[in-house]
Amino acid sequence: MTSKIIFLLSILLISFPATVLAQRFSSPSYLINWGNFNLTSGSKTSPNYRLTDTVGQNAPGYSEGDSLAVKAGFQYIYDTFDYLNFTIDKLLIDFGTLESGIGVTDTNLLTVTTPSGRGYQITAHEDHALWQNPNVFIPDTTCNDNNCDVNHAAIWNQSNKYGFGFNAQGDGTLSYFPASNLFRPFANLDQSQNPAVIASENTPVRNHQIIITYKVLVSPDQSAGDYQTYITYTLTPNY
Amino acid sequence: MPQFNLGLKPAQIEITLEPGKSYTQAFEVTNNSNDSVILTSSLSAWQPLDNLGNIQHQESDQFPFNFSLVNSDLRLGQEFILTPHQSRQLVLKIENPDTQNVDHYFSFFLSQKPPQPQLQSGQNLAKIGANILISTSTESTLAPLNIDFINLSPRLKDTFLGLKITGQISNPSSRFTHLQGKITLKKNNEIFWEKDIYPYTVLSQNSRQIFCLTEDKHPESCQVSAPLWPGKYQLEVRQNPSAATPDYVNNFFVFPYLLSFIIIFVFTLFHLIVKNYQTRSSKP
Numbered sequence: 001m002t003s004k005i006i007f008l009l010s011i012l013l014i015s016f017p018a019t020v021l022a023q024r025f026s027s028p029s030y031l032i033n034w035g036n037f038n039l040t041s042g043s044k045t046s047p048n049y050r051l052t053d054t055v056g057q058n059a060p061g062y063s064e065g066d067s068l069a070v071k072a073g074f075q076y077i078y079d080t081f082d083y084l085n086f087t088i089d090k091l092l093i094d095f096g097t098l099e100s101g102i103g104v105t106d107t108n109l110l111t112v113t114t115p116s117g118r119g120y121q122i123t124a125h126e127d128h129a130l131w132q133n134p135n136v137f138i139p140d141t142t143c144n145d146n147n148c149d150v151n152h153a154a155i156w157n158q159s160n161k162y163g164f165g166f167n168a169q170g171d172g173t174l175s176y177f178p179a180s181n182l183f184r185p186f187a188n189l190d191q192s193q194n195p196a197v198i199a200s201e202n203t204p205v206r207n208h209q210i211i212i213t214y215k216v217l218v219s220p221d222q223s224a225g226d227y228q229t230y231i232t233y234t235l236t237p238n239y
Numbered sequence: 240m241p242q243f244n245l246g247l248k249p250a251q252i253e254i255t256l257e258p259g260k261s262y263t264q265a266f267e268v269t270n271n272s273n274d275s276v277i278l279t280s281s282l283s284a285w286q287p288l289d290n291l292g293n294i295q296h297q298e299s300d301q302f303p304f305n306f307s308l309v310n311s312d313l314r315l316g317q318e319f320i321l322t323p324h325q326s327r328q329l330v331l332k333i334e335n336p337d338t339q340n341v342d343h344y345f346s347f348f349l350s351q352k353p354p355q356p357q358l359q360s361g362q363n364l365a366k367i368g369a370n371i372l373i374s375t376s377t378e379s380t381l382a383p384l385n386i387d388f389i390n391l392s393p394r395l396k397d398t399f400l401g402l403k404i405t406g407q408i409s410n411p412s413s414r415f416t417h418l419q420g421k422i423t424l425k426k427n428n429e430i431f432w433e434k435d436i437y438p439y440t441v442l443s444q445n446s447r448q449i450f451c452l453t454e455d456k457h458p459e460s461c462q463v464s465a466p467l468w469p470g471k472y473q474l475e476v477r478q479n480p481s482a483a484t485p486d487y488v489n490n491f492f493v494f495p496y497l498l499s500f501i502i503i504f505v506f507t508l509f510h511l512i513v514k515n516y517q518t519r520s521s522k523p
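Chains as they are written, first to last, in the numbering used here: chain A, 1 to 239; chain B, 240 to 523.
Note that these hints are calculated values from the structure, not bench results. The model shown is predicted, which means the values in this text are computed figures rather than measured ones. One or more of the hints may lead you astray.
Calculated cross-link-like contacts (lysine-lysine; reagent style DSS-like; alpha-carbon spacing at most 30 Å) [as the list claims (entries may be wrong)]:
| no. | chain 1 | residue 1 | chain 2 | residue 2 |
| --- | --- | --- | --- | --- |
| 1 | B | K471 | B | K434 |
| 2 | A | K215 | A | K90 |
| 3 | B | K352 | A | K90 |
| 4 | B | K426 | B | K471 |
| 5 | A | K215 | B | K352 |
| 6 | A | K90 | B | K248 |
| 7 | B | K434 | B | K456 |
| 8 | B | K434 | B | K248 |
| 9 | B | K396 | B | K421 |
Using the sequences plus the hints, can you model the full thing?
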């Protein structure tokens with residue numbers, strides 16, 4: 001008889017399942033409504049991988065108020081990855097007043113740190129030529145013998161070869177700029193050129209430095225005025 | 240003078256995303272400079288450029304996945320400000336509607352927006368990206384990796400010159416995986432030198448150059464330092480370290496050629512000098 005009652009009760013419980021979407025806790029002083037529980041979380045390992053997970057967390061992410069911070073879900077407690085870090089020492093390049101036939105230079109220092117196990121590459125491009133407007137511009141350099149381009153550097157030291165270009169020296173630049181007197185123009189997005197690699201290394205680095213030397217040389221016919229462009233450096237880790 | 244100093248982690252995520260599934264990943268970006276920085280987030284597809292892990296971004300902005308930020312106050316592509324030394328978490332959600340059995344690779348970019356509204360003569364901007372490797376393969380077992388080639392240099396194996404081991408392994412399968420295994424140098428059937436292969440990611444239908452794993456878990460060129468005592472050596476490469484037979488074997492002989500040449504040269508010189516002296520002294 002008892003077993004029959006238990007059986008009937010089981011059928012009733014199975015037939016009317018309760019849908020639970022949240023948890024509610026209460027006491028005489030407090031009422032707490034929770035949106036969810038994590039279904040599972042933690043660290044799983046195998047000889048080659050370590051996986052950390054949080055499953056079931058609603059509204060994951062970091063939230064903060066005046067007096068509290070909530071780190072909901074995800075792997076906040078396993079901060080084991082190193083940063084990919086990129087520094088540019090100054091953001092403004094000012095050539096001052098230019099005189100025709102006299103090259104003017106300015107420099108930038110780029111610093112790169114990569115996470116464990118990863119090399120990096122840096123590409124560079126300009127939004128457009130150094131210009132006042134699209135019709136009045138300083139051309140991108142083609143070097144002494146018209147033999148440099150966005151991917152190949154060449155000697156540029158003649159005073160009648162006008163233009164705007166750059167050289168990179170330091171860590172990871174040797175394949176792209178074998179000497180400090182070799183220049184090339186920036187890849188020009190306005191002319192649909194793809195950003196070009198200017199430095200890369202295949203192993204992890206810490207505070208590796210690259211010196212960029214910008215050079216501009218204008219002709220006597222160049223119109224007076226302010227010439228402008230944006231230069232963008234893009235750092236990506238090797239996969 | 241304003242500067243840019245930005246950190247991003249993790250630098251790479253590798254996921255398998257079957258059709259109809261989604262994945263969420265938190266990236267942390269930190270402004271390490273003393274200046275506020277205006278940033279936007281974006282995605283860009285890329286393809287491998289070589290066998291060293293370099294990449295080339297592609298023009299297309301049509302992706303087979305849906306990317307979005309699930310931060311309550313920020314959308315993908317929306318500008319946000321990081322004050323000096325502030326960190327912020329960006330939670331990226333990736334949904335796979337129906338892509339199957341093909342890998343796709345992306346960069347999650349944070350791009351600096353111009354801090355100066357008035358453009359000066361030259362103004363630098365910076366972009367920093369993390370790699371996202373997505374496999375949509377449902378294959379439970381991968382095709383084995385192929386050893387394309389192993390090279391030993393120098394060609395003349397000398398006792399006092401050491402050895403450099405280079406090579407390439409390719410992945411014929413439809414999803415990315417990692418290199419694994421050991422490189423072993425044996426002399427008289429005993430292990431003389433052994434290193435693990437660095438577990439670099441090798442992309443689908445692509446190849447990767449072999450590097451060795453250092454004790455502090457970094458990749459480095461595989462080099463055996465001198466001296467290598469004269470005798471017969473055997474180089475073995477095993478992708479599965481517990482496999483009975485190696486995937487690659489090369490037998491070679493090491494001899495002190497350089498020292499021998501020097502000894503022969505000195506001996507010959509000495510012999511000629513003595514012979515010359517004897518010839519002179521024997522003349523009446």
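Right, here's what the structure says about each hint:
For the proposed pair B:K471 and B:K434, the alpha carbon gap of about 20 Å is at most 30 Å, so the pair holds. For a cut-off of 30 Å, the pair hint linking A:K215 to A:K90 stands: about 16 Å separates their Cα positions. The suggested pairing of B:K352 with A:K90 holds, with an alpha-carbon distance near 15 Å, which does not exceed 30 Å. For the given pair, B:K426 sits about 6 Å from B:K471 by alpha-carbon distance, which is consistent with the 30 Å threshold.
The straight-line distance between the Cα atoms of A:K215 and B:K352 is roughly 24 Å, inside the 30 Å bound, and the hint therefore holds. Distance hint between A:K90 and B:K248 is fulfilled; the C-alpha atoms sit about 23 Å from each other, no more than 30 Å. In summary, the hint linking B:K434 to B:K456 is supported, as the alpha carbons are separated by about 11 Å, within the 30 Å threshold. For the suggested pair B:K434 and B:K248, the alpha carbons sit about 29 Å apart, so the restraint of at most 30 Å is met.
Taking the CA atoms of B:K396 and B:K421, the gap is near 21 Å; set against the 30 Å cutoff, the hint holds.
In the structure shown, no violation is registered for any of the earlier numbered hints.
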